[in-house]
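Asker: For reference, the chains in residue letters:
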Amino acid sequence: MELQLGLALPNHNNPSAGNGVGFKSRKDAANKRSFQEAFGNYKIRDELQMMPLLLWSGPPDEEDDDRKGQKKRNSCNNINKNEEEGEELVVGWPPIQSWRKKSLLHGQHPQQGQVGRRVSKFVKVKMEGVGIARKINLSLYNSFETLANSLIHMFATYQKSEKRGVRYTLTYQDKEGDWLIAGDVPWQTFIESVQRLEILRCGAVESRP
Amino acid sequence: MESESKRKKESPNTAELAVTASFPDEVLEIVLSLLTSHRDRSSVSLVCKDWYRAERWSRTQVFIGNCYSVSPEILTRRFPNIRSVTLKGKPRFSDFNLVPPNWGADIHAWLVAFAAKYPFLEELRLKRMAVSDESLEFLASNFPNFKLLSLLSCDGFSTDGLAAIATHCKNLTELDIQENGIEDSSGSWLSCFPESFTSLEVLNFANLTSEVNTDALERLVSRCKSLKVLKVNKSISLEQLQRLLVRAPQLEELGTGSFLQDLTARPYADLESAFNNCKNIHTLSGLWEAVPLYLPALYNSCANLTFLNLSYTALQSGEFAKLVVHCPRLRRLWILDTVEDKGLEAVGSNCPLLEELRVFPADPFDEEIIHGVTEEGFVAVSFGCRRLHYVLYFCRQMTNAAVATIVQNCPNFTHFRLCIMTPGLPDYLTNEPMDEAFGAVVKTCSKLQRLSVSGLLTDLTFEYIGKYAKNLETLSVAFAGRSDRGMQCVLEGCPKLRKLEIRDCPFGNEALLSGLEKYESMRSLWMSACNVTMNACRRLAKQMPRLNVEVMKEDGSDDSQADKVYIYRTVAGPRRDAPPSVLTL
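Protein sequence lines correspond, in order, to chains U and W. Using our numbering, the first residue of the first sequence is number 1, and each one after it goes up by one. Using our numbering, the first residue of the second sequence is number 1, and each one after it goes up by one.
Keep in mind that a hint or two might mislead.
[Unchecked claim] Taking beta-carbon pairs under 10 Å as the criterion, some of the chain W residues facing chain U (in silico):
#1 Cys48
#2 Trp51
#3 Leu98
#4 Asn102
#5 Tyr312
Think of the hints as simulated: they come from the structure by calculation, not from any bench. By construction, the Cβ of each residue, glycine as well, lies at the ideal position given by its N, Cα and C atoms.
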């Protein structure tokens, strides 16, 4: 599925603040050795005006490959060779202690082989057109309806600027990497195979009855 | 005292002699033994020879902030009667993998010296030290009065070492294993406490992962009637926790195990009742994988809580808000940023006594922006919690105006650690550097002792720090500053500076060398990924013999660059146990 998502602007006036600078800085910091090379003669206002919006294309798993590819190009600063999700691009940054990092990683993965315990399942949720992803614990829900209601509340703020009557479809990526529409399979099957969620706009704007 | 001063006025010289002669050493020692603060004791020892002598004989506790600043021989020679030792080893950035492995800070040589000179040693508190199983076994076998072992951020040992402690330390009152790089092979160490052993008051194994024998744990808890602190690990279920609580209603600090289990009505009621029965709990932590369903079991216990540590629990704002309503007496709160700004608003509304807040990121390394906390949450807390003086705050955006408001509401900050997670990020509303934010902090918070800065910062931030932060002792800087001037301002301006740690900043030789005399009044300086050269380090080492200048080289880096520099004052001379990657100049 070919998706083209623009990096959406956070809900405030200055379009080139925050995200653009952040991403550029972080990638430079990862590629270069010293601060001088990373930020060098960084003119604050001029460069920010010229910052283009980032464009991602393709389903999210390609983004992961990009990330990994970038890490292979890094030559300095003992980039963490940890294969698990959420690796740091710059060694020791943000400054989180190693044992705390380990706890965070262990917390996200379902426990195995423990009788009588419901398993936490945190998955990432993105909405088309919104740059900010969220994470939810699927084990807290028991049906598509409760899940959808919760997501509507969560993403309500990002819909204020939209015209009325825009409809959304909830899609998910399963274990095989395929993107499917949520609701087609029973809840239990869905819970077991879902890896991440995405809310897409569907079709033309329809007027509400 | 009055009569003494009258005598002084009449005939000063003879009266003074009379006063000092009639004050025997034993009395002085008794008086001095009441002094516990190590800074007071240092001052006392500088008064005169008599006082130095009395102080060294009466001192029973010693705190060593950098294990290489002094040697075991020097320590044991000066203080003959030590019962309690606190030692800190590696530089703090080792917590973030910036220090090479096998760097040093091995406890063993110290233990050997203590076995000879302090056979009655009772307490050992170690932070960032290398501790082997062999050392733990040595400790367990050579100190019959040993009572307290606390290991924080240490590494090199396994659960076998803990087994030795449990087996041999008959008088143990405290075993506190926090957050270490431990090889956790099995939980059988807990079963090594003999059945006759009853003295335990503190047991913390929260950060170990292996399952322990729950029967053994239950029996241990039952027979240790003085147990006040119990922090179990994730392997302990809610049902098991309930059984432990029933056996230890006197507990004051509790770390639960996993808070996730399918409990039917009866076990849930039992759990709630067990919590209600523990009327003295003021500190609560653990709560791994807490599902909102079972949190109400805690509500009654929360009324007396002063410290709540939810930093391992990914609670969302709604369920967290419901919990925090029940915690009006909270003084210290550690949480994950999954509670978001709404959760922090609830804190501001419900916790007027809050003094310390730490907000940790749940997804620090995810490239796509995951919603966490913003400046709004922090501001909300500052309006509701005017006694706030310690904050550690990880966020993805911040503004100068927000920080100005925060410190206006809470001018009593002693520890202000703000981590804007993207390096070099400006004020997201104005696009300006975050200089004015930290300027506001140092101008308003005159009691500031510790500061961590982040975001896009020019030299102006450091000018402000040098000019206003007169009580600053610890400063952490990353991805900030424009020129050597920044670092120079700090070195020249902060009289009480003890620890300075800098990474990825454009500070070079001029800055480094401007602090020559300053470093002798500090504990240590760390500079990594800056613009410092080997030659400058050599010059520094040559001119300042009482400093150790150590450089850690990285593979494939330019020979003339000093990648990582660690400088500290010492009376023990250059160390001899450095690995090959660490050069002592």
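Asker: Does each hint fit the structure? Answer for all of them.
Answerer: The hints, checked one at a time:
1. Cys48: With a closest approach of 44 Å, the W/Cys48 hint is violated.
2. Trp51: Given a least distance of 41 Å, the restraint on W/Trp51 is violated.
3. Leu98: OK, holds: W/Leu98 within 10 Å of chain U, min 5 Å.
4. Asn102: Result: violated, 15 Å to nearest chain U Cβ.
5. Tyr312: Result: holds, 6 Å to nearest chain U Cβ.
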